[in-house]
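Q: Counting in this note's numbering, the sequence shown runs from 56 upward without gaps.
Please note: incorrect hints may appear among the correct ones.
[Said to hold, decoys possible] List time: in silico DSS-like cross-link candidates among lysine-lysine, alpha-carbon distance up to 27 Å:
1. Lys-77 - Lys-235
2. Lys-65 - Lys-161
3. Lys-237 - Lys-77
4. Lys-74 - Lys-191
5. Lys-74 - Lys-235
6. Lys-191 - Lys-65
7. Lys-65 - Lys-77
8. Lys-202 - Lys-191
9. Lys-161 - Lys-135
[As the list claims (entries may be wrong)] With beta-carbon atoms standing in for the labels, derived distance ranges:
10. Glu-187 - Gln-158: 39 to 47 Å
11. Glu-189 - Lys-65: 43 to 51 Å
12. Glu-144 - Glu-187: 22 to 30 Å
13. Ala-93 - Glu-180: 16 to 24 Å
14. Ser-234 - Gln-102: 16 to 24 Å
15. Gln-119 - Asp-163: 33 to 41 Å
16. Glu-159 - Tyr-194: 48 to 56 Å
17. Asp-105 - Asp-125: 25 to 33 Å
18. Ala-149 - Lys-172: 37 to 45 Å
19. Glu-180 - Gln-102: 27 to 35 Å
20. Thr-98 - Arg-233: 14 to 22 Å
For the record, the hints were derived by calculation from the structure and aren't laboratory data. The structure presented is a predicted model; accordingly, all values stated were derived computationally and were not measured. Glycine residues also receive a C-beta, built at the ideal position from the N, C-alpha and C atoms.
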Amino acid sequence: GSPSLPFVQKAVALVNGEKITKDVFDSRLQRMLQATPAQVEATQARQVLDLMINEVLLLQDASQRGVAADKSEIEVQIEKIIAQFPTQEEFEQALSQEGTSHQEMKEDIEKLVIFDKYFGILIEERGVVAQEQEVKDFYEGLESEDKSELSEMQAQIEQYIISQKLQIELQEVLAELRSKAKIEIFI
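Start from the sequences and build out the full structure, keeping to the hints where you can.
A: Pasting the structure below:
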């Protein structure tokens, strides 16, 4: 007989030759918007796809820089999540309510571990810091009922300022990555 072709998943987009498949896209739509793909408006679907394209671009850049998550790091994070539930059964129930499979959860955690390392590299490379004055100004701007001593809140405030600055840096990184990327969209 004729050779059978392997089942090829339909791509909704190609990012530097890497596929975003319809199945993965539909699953993400469902999880992010709590709606079936048929119920989602085109603009919402496009926003989710853009987020997925950004994610692929950042992961590709992280990979080119040698950033990876090893199995033990992923397992530690999974254990932390499971530990938040009184029983394994309740954990399984929460996963199923979210419409997430074990595999999807594992992939999501792997991405989080990679992003955590990658963002650390970007923070370092781009000199993202919270200046002392910025921390003071932020602290001064807090409502008095939300305040404890600055010394108690300093680390939290610094993290917040750094994460805000990182968002701006990420927009620049993404603009640069998108300008060099070959992106094809099929929906």
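Q: List, from low to high, the hint numbers that the structure doesn't satisfy.
A: The structure conflicts with hints 4, 6, 12, 13, 15, 16, 18, although it agrees with all the remaining ones.
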